[in-house]
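Counting in my numbering, the sequence shown runs from 1 upward without gaps.
These are computed hints drawn from the structure, not numbers from a lab.
Each hint should be verified, as a subset may be incorrect.
DSSO-like mimics (lysine-lysine), calculated; alpha carbons at most 30 Å apart, straight line [as the list claims (entries may be wrong)]:
#: 1; residue 1: Lys193; residue 2: Lys222
#: 2; residue 1: Lys193; residue 2: Lys140
#: 3; residue 1: Lys222; residue 2: Lys18
#: 4; residue 1: Lys27; residue 2: Lys222
#: 5; residue 1: Lys223; residue 2: Lys18
#: 6; residue 1: Lys27; residue 2: Lys193
#: 7; residue 1: Lys57; residue 2: Lys18
Quick list of simulated restraints, FRET-style, between CB atoms [stated by the list, open to error]:
#: 8; residue 1: Pro161; residue 2: Lys18; range: 41 to 49 Å
#: 9; residue 1: Arg133; residue 2: Asp155; range: 32 to 40 Å
#: 10; residue 1: Asn45; residue 2: Arg159; range: 22 to 30 Å
#: 11; residue 1: Phe91; residue 2: Trp139; range: 39 to 47 Å
#: 12; residue 1: Met157; residue 2: Glu123; range: 37 to 45 Å
#: 13; residue 1: Pro79; residue 2: Gly15; range: 16 to 24 Å
#: 14; residue 1: Asp155; residue 2: Gly75; range: 38 to 46 Å
#: 15; residue 1: Gln53; residue 2: Gly124; range: 40 to 48 Å
#: 16; residue 1: Arg141; residue 2: Gln14; range: 34 to 42 Å
#: 17; residue 1: Gly144; residue 2: Leu226; range: 42 to 50 Å
#: 18; residue 1: Glu54; residue 2: Gly26; range: 14 to 22 Å
#: 19; residue 1: Asp142; residue 2: Ala25; range: 38 to 46 Å
#: 20; residue 1: Gln14; residue 2: Ser167; range: 29 to 37 Å
Here a beta-carbon is modelled for each residue, glycine too, at the ideal position from N, C-alpha and C.
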Amino acid sequence: MSILCIIPARGGSQGLPKKNIAMLAGKPLLAHSIEHAHMTPGIDNIAVSTDSQEIAKVAERWGARAIMRPPEISGDDSPSEDALRHVLANFVYRPDIVVFLQATNPLRSSWHICLAIAMVQEEGYDSVLSAVRLHQFVWKRDPGFDPIWRSVNYDPMGRRPMRQQVSEFVENGSIYAFQTGVLEMYGTRLGGKIGIVEMPGWSRFEIDTPEDLELCEWIMTKKGLLGG
């Protein structure tokens with residue numbers, strides 16, 4: 001069974017210039033995801049989708065194949081699915097499974113990726129996402145009665161539950177794995193029978209500002225993630 005890892009990495013970034021190649025723990029941010037893919041058994045090839053020649057050079061330096069993305073799917077509002085489809089259309093073969101890693105969410109290990117792949121290969125899931133479990137009370141604004149707010153996961157008029165009794169899973173954006181047919185059939189990364197790889201709460205932090213780089217480097221050091 002063939003597995004292709006795709007890492008989208010545009011050149012543009014509003015919050016942090018050249019974000020995808022900003023230095024994190026002595027390496028370009030993108031390099032951490034490439035290394036995670038290299039260290040994951042079963043992944044045959046690694047492709048970086050980018051619109052930047054500078055990022056392409058970094059990708060190839062760290063052992064990935066760079067696939068240049070056309071301008072029409074490189075804007076701020078372009079969904080990642082456009083990049084995924086473009087890579088598949090321009091790759092040398094059709095993989096059975098796609099592993100989609102986001103460079104800006106580096107708080108993972110190759111072990112987490114292995115879990116996601118195993119769920120697709122061995123447990124019958126069509127697609128899998130990584131998520132964290134939050135024991136928090138969630139509220140949202142009611143669009144029909146603005147500015148009224150309503151609880152999402154408990155009844156505020158009844159007995160207030162213990163925080164540990166409230167459980168919500170939130171995508172951390174780090175790992176997606178899916179049968180290639182899911183993207184072809186549904187046009188999105190998630191479809192069919194969907195599973196979740198639960199990751200620690202600290203894995204939800206992502207890179208968007210210089211302060212995020214400092215925070216993530218601290219977490220990676222404390223959690224022993226610098227080796228992949």
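Structure-based check of all given hints:
1. A hinted pair counts as satisfied when its Cα atoms are at most 30 Å apart, and Lys193 with Lys222 does not qualify at roughly 35 Å.
2. Only pairs whose Cα atoms come within 30 Å are accepted, and Lys193 paired with Lys140 is accepted, the gap being roughly 27 Å.
3. Under the criterion of a C-alpha separation no larger than 30 Å, the hint pairing Lys222 with Lys18 is consistent with the structure, at around 26 Å.
4. In summary, the hint linking Lys27 to Lys222 is supported, as the alpha carbons are separated by about 17 Å, within the 30 Å threshold.
5. Between the alpha carbons of Lys223 and Lys18 the distance comes to roughly 26 Å, so the proposed pair stays at or under 30 Å and holds.
6. For the proposed pair Lys27 and Lys193, the alpha carbon gap of about 36 Å is over 30 Å, so the pair is violated.
7. Proposed proximity of Lys57 and Lys18 is supported: the alpha carbons are some 13 Å apart, at most 30 Å.
8. Restraint check, Pro161 to Lys18: a C-beta distance of roughly 45 Å satisfies the suggested window 41 to 49 Å.
9. Against the hinted window of 32 to 40 Å, the Cβ-Cβ separation of Arg133 and Asp155 comes to about 21 Å, which falls outside the hint.
10. The given range of 22 to 30 Å is broken by Asn45 and Arg159, whose C-beta atoms sit roughly 54 Å from each other.
11. Under the hint 39 to 47 Å, the C-beta atoms of Phe91 and Trp139, about 44 Å apart, fit the expected range.
12. One distance hint, 37 to 45 Å for the beta-carbon pair Met157 and Glu123, holds here, with the actual separation near 40 Å.
13. A hinted range of 16 to 24 Å for the beta carbons of Pro79 and Gly15 is consistent with their spacing of about 19 Å.
14. Look at Asp155 against Gly75: about 42 Å separates their beta carbons, and that is inside 38 to 46 Å.
15. The hinted window of 40 to 48 Å between Gln53 and Gly124 holds, with their beta carbons roughly 42 Å apart.
16. Evaluation of the 34 to 42 Å hint for Arg141 and Gln14 yields a failure: the beta carbon distance comes to about 25 Å.
17. Under the hint 42 to 50 Å, the C-beta atoms of Gly144 and Leu226, about 49 Å apart, fit the expected range.
18. Range check, Glu54 to Gly26: Cβ separation about 18 Å, and the 14 to 22 Å hint holds.
19. As the Cβ distance of Asp142 to Ala25 is approximately 43 Å, the hint placing it in 38 to 46 Å holds.
20. Taking 29 to 37 Å as the suggested C-beta distance range, the pair Gln14 and Ser167 conforms, at roughly 34 Å.
This entry does not satisfy hints 1, 6, 9, 10 and 16, going by the numbered hints stated previously.
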